[in-house]
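Residue strings, one per chain:
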Amino acid sequence: MGLKRPDLETKISNLLSPLVVAGAGGALVLIALVPQLAALIREQLQANLSPTAAAVAASAIGVGATVFLVGQLPVFLIWFERKVAAHIQDRLGPMRVGWHGVLQSFADGIKLVFKEDIIVNGADRFLFKLAPFLVLMGAFSAFAVLPWHTGLVVSDLNIGLLYVVAITSLGSIGLLMAGWASNNKYALYGGMRSAAQMVSYEIPTAIVILSVVVQVGSLNLQDVISAQLGGFGNFANWHIFRLYGLNVIGFVLFFICGLAETNRSPFDIPEAESELVAGFHTEYSGIRFGLFFLAEYGAMFFVAGLTVVLYLGGWSGPFFEGPLVFFIKTLALVFVQMWLRWTLPRLRVDQLMALCWKYVIPFAFLVLLVAALASAGAS
Amino acid sequence: MERLDTISSLQYFVPEIVLVFTLMAVLVCDLVSKNRAPRERRLLIVIPSLIGLVVALSYSLQGSEAVSAGLFHNMVAFDGFGQMLRVIFIVTSIFVLLFTLHSNELRLVHHGELLVLLLTVTVALIWMANSINLLMIYLALETVSVASYVMVGYLKTDRLSNEASLKYILFGAVSTGTMLFGLSLLYGLTGSLDLFEIRSALSSQEVVASSGPALMVILVLVLAGIGFKMATVPFHFWCPDVYTGAPTPVTAFLSVGPKVAGFAVLIRFFYGGLASPSEDGASWAMVGSVDWQTMLMGISVITMTLGNVGALLQTNMKRLLAYSSIAHAGYIMMGAVVLSGEGIQAMLAYMIIYLFMNLGAFLVVIVVHNDVGSFDIKDYAGIWRRAPLLTIGMGILLFSLMGIPPFAGFLAKWYIFSVVIDAGLGWFAVIGGLNSAIGAFYYLKILKTMFIDGSDTPEPSTPLALQPLYAGLLLVLIVPNIIGLLLWGYLDRVTEFSQKLLDAM
Amino acid sequence: MKEYFADLFAAVTSIAKGMGITLAHLFTKNETQQYLSEENPGARWQSVIVPEGLLQDRSRMRLHVKIEDCIGCKQCEKVCPVDCIDITTEKREKTDAPIFAADGTAVKQKVVQFDIDMSLCCYCSLCVYPCPTECIVMTPEYEFAETVKSEFLYRFAKETPAPPEPPKKETSDPVAAGGS
Amino acid sequence: MISLEHYLIVAAALFSLGLYGVLTRKNAINVLMSIELIFNSANINLIAFSRFVSGDTEGQVFALFVIVIAACEAAVALAIIMSLYRILKDVSLDEASVLKG
Amino acid sequence: METLGPQIIFWAFAALMLGSAFIVVHGKNLVRSAFSLLATFFSAAVFYVMLGADFLAGVQLLVYVGGILTLLVFGVMLTNRIYNLNLETQTFQVLPGALVSLAVFVILTTVVVRTPWSQSALIEDGPTTPIIGRALMTEYVLPFEIASVLLLVALLGAAMLVRRRTDL
Amino acid sequence: MSLDAAAVQQRIEAKFPGKITSAELEVTDPFLVIDNAAIVEVGTFLRDEPELAFDMLHCHSAVDYLELKEPEKARIEVVLHLTSLKHRHWIVLKVMLPRDNPKTPTLENIWPTANWHEREAYDLFGIEFEGHSDLRRIFLPEDWAGHPLRKDWEWPDEWHGIAVKPDEKFSQRAMEGENIGVGPFD
Amino acid sequence: MSSQTQYKDLEPDEAYAFKPEDLEPDEMILNMGPQHPSTHGVLRIELKTDGEIVKDAQPHIGYLHRNFEKHAENIDYQGVIPFTDRMDYVGSMNNSLTYAVAVEKLMEIEVNERVQSIRVITSELQRIASHLLALGTYGMDIGAFTPFLHSFREREKILDLFEWLCGARLLYNYNWIGGLSHDLPNQWTDRAKIFLDQFEPVIDELDNLLSYNKIFTKRTADVGIIPPERAVGYALTGPNLRGSGIKWDIRKEDPYCGYEKYEFDVPVGQGRYGPIGSCWDRYYVRVEEMRQSVRITRQAIEQMPAEGDVRETVPKRVKPKPGEAYGRTEAPRGELGFYVVSDGGLIPYRVKGRSPCFVAMSIFREIAKGEMIADMIAIIGSLDIVLGEIDR
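Chains as they are written, first to last, in the numbering used here: chain E, 7 to 385; chain C, 922 to 1426; chain H, 27 to 206; chain P, 3 to 103; chain W, 477 to 644; chain V, 411 to 596; chain L, 353 to 744.
Just so you know, these hints were derived from the structure itself, not from any lab.
Hints are supplied without guarantee of correctness; some may be wrong.
[Stated by the list, open to error] Below, in silico cross-link-like pairs of lysine-lysine (DSS-like), each with a Cα-Cα straight-line distance of 27 Å or less:
(1) L:K422 - V:K479
(2) H:K136 - H:K100
(3) L:K613 - L:K545
(4) H:K43 - L:K566
(5) V:K496 - L:K604
(6) P:K28 - W:K504
(7) L:K566 - H:K28
(8) H:K136 - E:K364
[As the list claims (entries may be wrong)] Some but not every residue of chain H turned toward chain L, in silico, with C-beta under 7 Å:
(9) L34
(10) A36
(11) S40
(12) K43
(13) G44
(14) A50
(15) K55
(16) S73
(17) I75
(18) V76
(19) L80
(20) R84
(21) E103
(22) M144
(23) C148
(24) C150
In this text, all values refer to a predicted model and were calculated from it rather than measured experimentally.
Virtual Cβ for every residue (Gly too), placed ideally from N, Cα, C.
Excised from the complex, chain E in its bound form (with noise of 0.2 Å):
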């Protein structure tokens, strides 16, 4: 009695997640080489090129290297998260792809890619196929300024804050996109309530943005980092923990509108499956679904990280320092993003946006505040 296990696919597991697993922990290890290897890797260019191809080489395998990292980020995310997800429920999550599951998302991940690319009738084809990558770019492009190390970012933009705020509202559009040229009202509505939480948060994330901004004056990532270092156990000067402690009202503030604006529980409106039954991806299927995925797990990443930059110190750490301290940082961030989100409730359109305007934008002015007159009395 009882069906027969399928064989084929357990030896391919079994043979495969212990390579999974030691991939992981070679990417742990690499990420905390990753500053050696980038200067072994500058100075070869800068022996054998010209200037100006090295610096082109450089850039190109920095945004290789992000592009690379940052897509199999949410390979392990998605993983990871239903397994938070799994065990907050008492369940046990995904187990049969590899040892307790470490396969699944790449099974999944094949699925997509040969599932079938269903366009509704009536959909607008080119905006259709368009707006996901229109999504993942938005999500994507922002980690060109994510300091992972001194010196060690994609592009050094003097304006990367400004950056961040502005590129990130690609994605808003993408989103309307996709939600208008389903040719569904879910869909619709997703996308047009996802514009309308994108924008109302952008303004006490810009506010709080502006707060740090105020404090270290500068725009530049990288300072901003460099403002923290130092002090006490080499945390002291993280930014949560000055201010008279109001930075910890920033950091909170910070991490709603992050939540907020990567469209995560409690304000997944946008993708309210309860009530949009999928919100703005309701008719993708396929890949394209799969790049949506991707997108909202590079944004989560992305957002997390920079709250550990404005707040947490980069990646300056009381006992080592590095780039996998920044990581580790930024990815229990993303376990309180996934901890929340299997807690709560989604909260109503009117709610959120009430959230906003009476919560978070008052607050967000009073950080400003008392940071603008903290600063004015300093310098």
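Start from chain E and add chains C, H, P, W, V and L according to the hints.
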């Protein structure tokens, strides 16, 4: 002209500051009185705005003698001309504020918002009229525009009002966009945004030699924006539609405020940036290589002719007054082409008198509409029997608009024509006179309707409902028209102020 | 104003409480089991409440007919609320050797057709109670998914004695089976 | 090398396209989009001049204000269009024709 | 190499900008027009970067893409119900309009090419944010304040206009 | 102060004499049969009279009596189960309607819950409720033929190409070699 | 026979209650369901929306209609019970109990005390299971997924108990006319007590996780308010009626199965976070009812006679004399009633099921107007409907 920094500018800036604070206060009053009775609420809104306007008016009347300064790092000018305009705008605003109180058209649901918009336009008009920087000109002009777009669309359930507003904003945005493009080219040509620096850049020989076509294009583009505000041909298309669709008090305001400010910008831009004053300051000479005087003259002639001819065909009172205001814009512009201090004085005088007669005419329109519920000239029949005094008042206003001798309108026209003739442009004055003659037809047509038509109907007539406030306002508006000659004394004051303008430039 | 901060406080505390609960659950034992795994080879649900082995005592899953015990009384066919049982009988010839069911009842009818359409069955087990020889029973077997609907037609009547377990039909071709 | 004229010609082309849109499109929102094109062309001009001619950030500041004004104007215009749409159920400019000039 | 890169970028984005602008003004589908504005705005931002105005580029993206474009798309969607997908708008006066704008383009181009712009100064490439910030707080403080009044009024007016009909 | 059926009957009789056509008080659930024309007045009275206060219509059923043997007794009964939350008593009312063209006034203005119940009765029995605000079919498609809970209702053959009549048994069809597949693999 | 095919072809938009041409410019028709994640089955609701505001809502039911009542007219009395199970498929124990009570009333059968106690125990456990499902899915509708799985974890335990008892997990066919299909297995009551002991703290945990959560109260406390008089007028029963503050419980008012022997309270809506009769009140009445059910179950287990034949009074053939009876019980969703008419034959002449969800759904249109789209979900969830019972 003295260039002042921010702090030292503030003392010359009191009326504007008062107005800005008033508008914020009105906004707050409107919000906190949300749950009160409508009457009480209206008092809470109207009284602070009136107080603010009156305070601002008193400050602007005081004036600081013999100072001519570029405030805020040469952003706005402070001089006699500007102070005079301040007074005009604030007085207009006070009148219009009082107009709104009993108009049946405005259902006064968002009265607070309307007053905030009115105050904003008032203060922005002052900024606009005094700007001596391209950025300021554009910014103030847009502030006036944006607020007046909303004012035109104030009756949001009314189709006409909405259409007027849409037309206004599309025309406005296109013409200001065009103007902006011109301004950007001007900035490129001269490398500066400051009008005086532009003048000096344009005066240099090499620029004059090479920049002819460029400057021509720039002037055409810039005139689009200014012309839109002045409602001169060929940027007058919006004017009849918007005047008809907008609520009448707003129309009254638009026919005076932005138009006057448009002329002020015209003078600031051309006299300040594109002409250099003579030694004694009484006349100007054009700089650059474009004969903009002829250009303005042409515009003036076409404007007044088209305005008058257009008005002949109208059956709607507001529309007729719109065309009439286009024609008056043409007359006013006559003063701008002569390139002399006299011309500016004549314009100012015309504008002041125009304020009274035009606002008066629109007030009569409001009063009649409150009772009759129509803007059609046909429906003015028999007003004479119902309200003889009102009809007589309207007659005085119309005669004044026509330019018939005993009334102030004649004075204004005479002054401006004489200035033109003095400048040796007799044929120009003749065209103006001919136009006045055409204008008399349609004004007389209204009078005929009011006095004669419908007087043979047998029904007993009920007296026209006339609110005491409006009666008083009408009196205040008509009296200056009758005693126009007495205004001479005030015109001296105008002369005095404009002398300061000449000093400045 | 007081309400504003009270709201804020309530929000923060209630969310913190909820997060505490979920965090605690993150580290508690899982309640679910791996379906079809090494630890659970029979795919049997290990209940935390019911003692082991007792859960399936009365399970009402797949129907099974011990056809050799059937006396063709058609009680089950009559009582079935969804008419999923189809029985045809022929009178046994007097000359045939007497057959007895397991409990000793004499089989007087020859069951030539005993079909149960498991896709219609509502698992109410009403057919089980009236059976005089207890030949129709519900087994704890629940994994009998098929991809073709006609596979759910279980034909129990056999010329030859059916093998005791499993009670699956011999052939998947219903036409061939119908010919018998 | 890209010179000032390159930018100016692109801006002029953008301006002409905007003008073309204003002249030919019937839909009010489409006209609004064309107006945004005009604003953008002016901004390119301003910034190009700011870099090549004046050598300071005056032009950039002007462009900044232009962006602000464009935002205000778009908001108000859309509000008016929405308000009119409620009455007309259509936003084509031909429909808005009770007022015939 | 040093000059080729910017040239390629310039021409690519000029083509993108004008092409998308052409779709904006001549597209049949209103929503596509709105979305193709995205490309126009984006390429304008690229131009700003090339012109050394990095702050302006950021603001362009932030305000135009995040604000105005979203607003426009909202407007398009709200005024065209989704079940009425035929968003085709008839064009009129195409030929005269085309001729006029072509003439304008020719005139402007001629003027631009013929005029000797006094290309005296090239600003140094560097962060413009502090300079603009300082300018806004000193020289341009009055426009800055006026802009805030303008924003307030625009917000107020827009809110008043779109509020529900029921409260009037 | 609960009242039994007899007391209720007495009060109705006092108010509307002759409107109770018959009453059965000795059975499990005693019921009163009300004249069809008077049901609205009686209902209003039952709800509004403070002593009775039947404020809840908790069940509304219809029964079709075909009575093939005695065709003159054929009827459709509308059965109302009323409860008073205040006095905690309950009563059954019946209304007799003719089988052909049954019509009765609607009760939705007395008890709003009757709205859907009456739609159900209309759908399944074809009773027409006069004055009902929204008398449409509620369970069945708008274009279904007949009213299924009538005793003489017959299955239609098909509905928009879908065979709805109970077919011959599935086993027989399968036996005839038909491959009745489900799922993606057929 | 082929004469009855006279259906007319409907225009596609005849299926819509709202016509596109009647809409205001801002309005839009949104078709929610029949396939929608939170309509709790195949419910279709047509919404006339203005942005996020719902101007009007028209529910369409019948997608799950099987005409149970027609079935019942063709099967013998005992055979109806599997069909009643399928009405409210998450509260089957109570359905079959109600039908059994109705037929027993018709046949005047008195069941013995052990049967009564077991019926009370099973129906109260079923009530807990049903409420757990209702609360869990309600949390999920509002957006919290974890409470759903936590409550399903507990529900599984009850289903385990039931499977042990009668072999099925969902559709039990356990209550028979005049008795039960099985007696309790050995140790069953002990295990049930173990379950109850560990279940009570879980309710508190659920409260802290969901009920008192600020977001949850904000979402539900001012939404879908049913004033008491409307609730009575629409004949709401069960938690929906009690949520509006009216103390009405069939177990107290018209006791069956010996409920009068047990001590328990009837929780009613208090309006703790907003107006009385809101979604939160209805939700919280269910939470409180679970506590009361635990109490009742404990008492029933205590008082249950150790001996007794559960099939003592099961009639050999169910053939009531002509007559009619209306039997009702307090099902998890409210007053469930069966109106059974017998003509003296072996099959019922007419069985009418009075389903609480059908009645609850009929008030939906009235309370939905003016709320937001997200509130539709909250309202449907708080009414706790089961489409199997609405459509029957």
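Against the structure, the hints come out as follows:
no. : hint            : verdict
1   : L:K422 - V:K479 : 22 Å, holds
2   : H:K136 - H:K100 : 12 Å, holds
3   : L:K613 - L:K545 : 19 Å, holds
4   : H:K43 - L:K566  : 11 Å, holds
5   : V:K496 - L:K604 : 14 Å, holds
6   : P:K28 - W:K504  : 12 Å, holds
7   : L:K566 - H:K28  : 17 Å, holds
8   : H:K136 - E:K364 : 83 Å, violated
9   : L34             : 9 Å, violated
10  : A36             : 5 Å, holds
11  : S40             : 5 Å, holds
12  : K43             : 5 Å, holds
13  : G44             : 5 Å, holds
14  : A50             : 9 Å, violated
15  : K55             : 11 Å, violated
16  : S73             : 4 Å, holds
17  : I75             : 5 Å, holds
18  : V76             : 5 Å, holds
19  : L80             : 6 Å, holds
20  : R84             : 4 Å, holds
21  : E103            : 12 Å, violated
22  : M144            : 15 Å, violated
23  : C148            : 5 Å, holds
24  : C150            : 4 Å, holds
Violated hints for the displayed structure, listed by number in ascending order: 8, 9, 14, 15, 21, 22.
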